[in-house]
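Place chain V on chain F using the hints.
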Amino acid sequence: MIRFILNGREIEVEVPPHWTLLRLLRERLELKGTKEGCGIGECGACTVLLDGMPVNSCLVLAPKVEGRRVETIEGIGNKESLHPLQKSFIEFGAVQCGFCTPGVLMSAKSLLERNPHPTREEIKEAISGNLCRCTGYQQIIEAIEAVVNHLKRETI
Amino acid sequence: MRGIGLNIPKVDALDKVLGTSMYGEDFSFSNLLHLKVVRSRIPHAKVVGIETGEALKVTGVERIFTAKDIPGNNRIGVIQKDQPVLVSDRVRRVGDPIALVAAKTIEGAEEACEKVKVIYEELPFVKTPEEALRPFAPPIHEKGNLLIEFNLIKGDIQVGFKEAEIIIEKTYTTTWVDHAYLEPDGGVAFWDEKGRLTVICPTQNVHYDQREVASLLNLPIEKVRIIQPTTGGAFGGRLDVTVQCFLALAAFHLKRPVRLLYTHEEVFQVISKRHPLKIHYRSGARKDGRLVAVEVDILGDTGAYASYGTTVAVRSAIHATGPYEVPHVKIRSRMAYTNNPWSGAMRGFGVPQIAFAHESQMDLLAQALKMDPLEIRKINALQVGGETATGQLLRASVGIRKTLREIERWRNKISLSKFDPERPFLRRGIGIGSMWYGIGNTGIANPSTAQIELSPKGEIKLYIGVADIGQGSDTALLQIASEALAVEIKEIQLIRADTSNTTDAGSTSASRQTYITGNAILKAIENLKKEVLKEASFLLHEEEGDLFVEEGFVKHRQKFCIALPIQEVARRTGRTIRGEGYFDPETTKLDPKTGQGSPYATYAFATHLAEVEVDIETGKVRVLRVIATHDVGRAIHPKNVIGQIIGGVAMGVGFALMEEYIPGQTISFLNYLIPTSKDVPEVIPILVEDQEPSGPFGAKGVGEPALIPSAPAILNAIADAIGERIYHLPAKLERVLEAVQKSKSD
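Top to bottom, those sequences are chains F and V. Numbered as in numbering that gives the first Met the number 0, the first sequence ends at 155 without a single skipped number. Numbered as in numbering that gives the first Met the number 0, the second sequence ends at 745 without a single skipped number.
Okay, chain F solo, but in the shape it has when bound (with noise of 0.2 Å):
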């Protein structure tokens, strides 16, 4: 039995010791928002968010997130309520078939909240472990740059 902050609420739940975090949501949590791409933590496409941090969740045994916070891609939005950068990704066309969109936005998530003014560089760097086949990047980094301009319009 593990107990660890899911999405901002706290879960208990039986886990086999081999388990990756990333079969755990998918599996037994039924949170499949979360992509299993590469297995081997090369593509990034389970990236989750582990205490704020992105991290391939394919490479992270479950039992490791005992006491820590996890975020997946169901945490940061809904119909409703889209997270500003689920916002820009629609608006800036960075969606094609959607497989890494998930993962990069998780990515992209955890730069904001540690640097909320990046330049275009941090966030190249910030998605490089992010494989996406479909877009080339560049609408992806322009979602996320209208989101860093909007930001720094709110503090100015």
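Just so you know, the hints here were simulated from the structure itself, not pulled from any lab data. Be careful, since some hints might not be right.
Here are the simulated EDC-like pairs of lysine to aspartate or glutamate, each with C-alpha atoms no more than 16 Å apart in a straight line [said to hold, decoys possible]:
1. Lys522(V) / Glu579(V)
2. Lys677(V) / Glu141(F)
3. Lys489(V) / Glu543(V)
4. Lys78(F) / Glu579(V)
5. Lys151(F) / Glu141(F)
6. Lys103(V) / Glu26(F)
7. Lys460(V) / Glu542(V)
8. Lys731(V) / Glu681(V)
9. Lys677(V) / Glu121(F)
10. Lys592(V) / Asp14(V)
11. Lys123(F) / Asp11(V)
12. Lys677(V) / Glu612(V)
13. Lys114(V) / Asp14(V)
14. Lys45(V) / Asp14(V)
15. Lys677(V) / Glu90(F)
16. Lys169(V) / Asp14(V)
17. Lys677(V) / Asp50(F)
18. Lys638(V) / Glu90(F)
19. Lys45(V) / Glu121(V)
20. Lys638(V) / Glu141(F)
21. Lys63(F) / Glu13(F)
22. Lys151(F) / Glu112(F)
23. Lys86(F) / Asp14(V)
24. Lys741(V) / Glu616(V)
25. Lys63(F) / Glu79(F)
26. Lys619(V) / Glu737(V)
27. Lys741(V) / Glu723(V)
28. Lys460(V) / Glu487(V)
29. Lys123(F) / Glu525(V)
30. Lys86(F) / Asp11(V)
31. Lys554(V) / Glu542(V)
32. Lys731(V) / Glu612(V)
33. Lys558(V) / Glu543(V)
34. Lys78(F) / Glu681(V)
35. Lys489(V) / Glu458(V)
36. Lys743(V) / Glu542(V)
Here are some of the chain F residues that sit facing chain V, going by a computed Cβ distance under 7 Å [said to hold, decoys possible]:
37. Val94
38. Gln95
39. Ile126
Source: prediction; values computed, not measured. Glycine included, every Cβ here is placed at the ideal spot set by N, Cα and C.
Chain V in isolation, oriented as in the chain F frame:
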């Protein structure tokens, strides 16, 4: 929101950003069994025995299927049916499927796979197409190792070379490239409540899958239902059957739901690759830069199975001249079977490979003639009234010159210095690459169908068999329908890519869906309007001939007070009003001896300009910027078109510099590198909209054209930077260093 040319939110984007879209791997059932495939580990052998006894003892194993369990035809293939679903007597490649395990757990299925014993008698491993075509080479298939030889002959090649004042002759090679879509193939199968064997998995063509599954299981076609869920990329890799037949076979026998998810490594091992081509290219031009002769010999490796080998052989030959008018042409294009991984469709069907060759040749000619590379392209570029190598007269929408003019305008603004005084190990250069691409399948019928309905409840339903694989056909086709019907997009319900309620649209490939299904939708709407007028005439007691449909209303030519919304007509009649559409592009069959004919109804054109920086000490190439101009006809959704272009450039960077699948060595993303956010250049996309009169609202296509010119432009830029050319893709570090060495010694 509706309308052509508007950047409406993509209809699938909301679910995708929320993570609520259902992909193949997201479907599950509580009582399902897990499948795993036993595969050959050697490339060529007779299978003399398959022993499953030990494997069946593994806990949780329910059943192990072999070829004997297939009730119907154990041969599939999109053009030639040469591929067994489960091998019975012979393996032809590493990864050939031999048995299928069904077990209660994935772990149990994996363990059982390890325990299936296959007894082989090894056969010689045919490693190259040259070897395969030698006399007395071990035949890989009954018909021998030559899959196809296609010849294209125009004019008189000897006359052409006699007229030539400069001749350039070079050999180019390309290698296997993986689609590298992120979602591994996988899905579920089950018998549905109506007694249909149902398969849900990623695909580019549900109706093709349905035919293969029905034939495999000897089932009537209507007893098989294929549903395409949200699909995580495809790029041609999902045109062939992947998991469909395994899922269907197991569910057929077991009468309970089954699930098969390929591992990422399995996808790399067993899904088709881009065909490696060896291209011997000879071009002749006059001193003024006019091309007079092009002679090309193409030899490709289709691997163990045909897949799209014939298509690639033919399409690469047809496109071999590039987007230029050449009076004397002779092309021979052959494809051979080997025991290598099978090659298939991969974004461009051979055109990306051949474009690398024809664009290198154009730069070499320009260099030899001391001409501007842009100038030589302008001199030779096709135009309206021009004739292609297959003798096709181009009647409209030939935007290649416009793309060249745009590139010229941009080039005049570039100030890129070749040397960097601060970093003397860098060299910079620019290069241009042009392309043309025939929209749709080559010289054969490739129709699409669509239906549109008005229900008595006032609903509007659009039925299309089209698989949206992420590129955005759902949105673009809805835009076409909403424009033609003059209703808001949100008023139209889209029913798509499910064989139980849509009809055959053909595959999502060859950049064909916007053009072909777009036109089928327009036909359906035209027919719907006729039906609406019939009903309205009855309802309004007016002559049908006096009524017409405009802006979504039935109106009267004289009585201006009549304006009845078309939905209202269905409501009042209490019946569903339906319009059906069919469209097949106007093509002719190619002459079997000379390859002459009109293989495509329309062509897309593009030119890219690449700026690169080469580190001459490490061989590392950085693509700084790509200006990408595309004649797409009309852009239905400009932002999506631009998305295709930027994504295509990224894939082009990979094709040019890093992507190389090495059989036996490449396992996964660990050693198969694709561009990351840090590898891609800035892309400036420019749309040149030379409208196609036969296209829906003037549209053509862009999916494959987006990728094709990038690698040629990058390779030409590298040559410009270091003064030496690379003839083999990818231009990886050691090849660049070798070229740098060569340029120093020259």
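Here is how each hint holds up against the structure:
Pair hint Lys522(V) plus Glu579(V) holds up; C-alpha atoms about 7 Å apart against a cutoff of 16 Å. Taking the CA atoms of Lys677(V) and Glu141(F), the gap is about 14 Å. The hint holds against a cut of 16 Å. A distance of roughly 30 Å separates the Cα atoms of Lys489(V) and Glu543(V); the hinted pair therefore is violated under the 16 Å criterion. Between Lys78(F) and Glu579(V), the direct Cα distance comes to roughly 35 Å. Violation of the 16 Å bound is thereby established for this hinted pair.
Taking the CA atoms of Lys151(F) and Glu141(F), the gap is about 15 Å. The hint holds against a cut of 16 Å. With a C-alpha separation of about 15 Å, the suggested pairing of Lys103(V) with Glu26(F) holds against the 16 Å cut-off. This hinted pair does not check out: Lys460(V) and Glu542(V) have alpha carbons roughly 28 Å apart, beyond 16 Å. In summary, the hint linking Lys731(V) to Glu681(V) is not supported, as the alpha carbons are separated by about 21 Å, beyond the 16 Å threshold.
For the suggested pair Lys677(V) and Glu121(F), the alpha carbons sit about 10 Å apart, so the restraint of at most 16 Å is met. With a C-alpha separation of about 51 Å, the suggested pairing of Lys592(V) with Asp14(V) is violated against the 16 Å cut-off. Restraint check for Lys123(F) and Asp11(V): the C-alpha separation of about 25 Å exceeds 16 Å, so the hint is violated. Under the criterion of a C-alpha separation no larger than 16 Å, the hint pairing Lys677(V) with Glu612(V) is consistent with the structure, at around 15 Å.
A C-alpha spacing of about 42 Å is found between Lys114(V) and Asp14(V), which places the hinted pair above 16 Å, so the restraint is violated. For the given pair, Lys45(V) sits about 48 Å from Asp14(V) by alpha-carbon distance, which is inconsistent with the 16 Å threshold. For the hint pairing Lys677(V) with Glu90(F), the CA-to-CA distance comes to about 23 Å; that exceeds 16 Å, so the pair is violated. With a C-alpha separation of about 50 Å, the suggested pairing of Lys169(V) with Asp14(V) is violated against the 16 Å cut-off.
Between Lys677(V) and Asp50(F) the CA atoms are separated by roughly 26 Å; this puts the pair beyond 16 Å, and the hint is violated. A hinted pair counts as satisfied when its Cα atoms are at most 16 Å apart, and Lys638(V) with Glu90(F) qualifies at roughly 10 Å. Proximity of Lys45(V) to Glu121(V) is assessed by CA-CA distance (about 6 Å); at most 16 Å being required, the pair is judged to hold. Proposed proximity of Lys638(V) and Glu141(F) is supported: the alpha carbons are some 13 Å apart, at most 16 Å.
As the CA atoms of Lys63(F) and Glu13(F) are separated by approximately 13 Å, the hinted pair is consistent with the 16 Å bound. Restraint check for Lys151(F) and Glu112(F): satisfied, since their Cα atoms lie roughly 13 Å apart, inside the 16 Å limit. Taking the CA atoms of Lys86(F) and Asp14(V), the gap is about 12 Å. The hint holds against a cut of 16 Å. This hinted pair checks out: Lys741(V) and Glu616(V) have alpha carbons roughly 13 Å apart, not beyond 16 Å.
Only pairs whose Cα atoms come within 16 Å are accepted, and Lys63(F) paired with Glu79(F) is rejected, the gap being roughly 33 Å. Between Lys619(V) and Glu737(V) the alpha-carbon distance is near 12 Å, which keeps this suggested pair within the 16 Å criterion. Our distance criterion of 16 Å between C-alpha atoms is met by Lys741(V) and Glu723(V), whose separation comes to about 7 Å. Only pairs whose Cα atoms come within 16 Å are accepted, and Lys460(V) paired with Glu487(V) is accepted, the gap being roughly 12 Å.
Between Lys123(F) and Glu525(V) the alpha-carbon distance is near 48 Å, which puts this suggested pair outside the 16 Å criterion. Straight-line distance between C-alpha atoms of Lys86(F) and Asp11(V) comes to about 13 Å, which keeps the hinted pair within the 16 Å bound. Restraint check for Lys554(V) and Glu542(V): satisfied, since their Cα atoms lie roughly 12 Å apart, inside the 16 Å limit. Distance restraint check for Lys731(V) and Glu612(V): the Cα-Cα separation of roughly 14 Å lies within the 16 Å cut-off, and the hinted pair is therefore satisfied.
For a cut-off of 16 Å, the pair hint linking Lys558(V) to Glu543(V) stands: about 13 Å separates their Cα positions. Pair hint Lys78(F) plus Glu681(V) does not hold up; C-alpha atoms about 33 Å apart against a cutoff of 16 Å. Note on Lys489(V) and Glu458(V): the hinted pairing holds, with a Cα-Cα distance of about 11 Å set against a maximum of 16 Å. In summary, the hint linking Lys743(V) to Glu542(V) is not supported, as the alpha carbons are separated by about 84 Å, beyond the 16 Å threshold.
At its closest, the beta carbon of Val94(F) sits 5 Å from a beta carbon of chain V; the interface hint therefore holds under the 7 Å criterion. Hint status for Gln95(F) relative to chain V: holds, with the closest Cβ pair at about 4 Å, below 7 Å. Given the 7 Å rule on beta carbons, the hint for Ile126(F) holds: about 5 Å separates it from the nearest Cβ of chain V.
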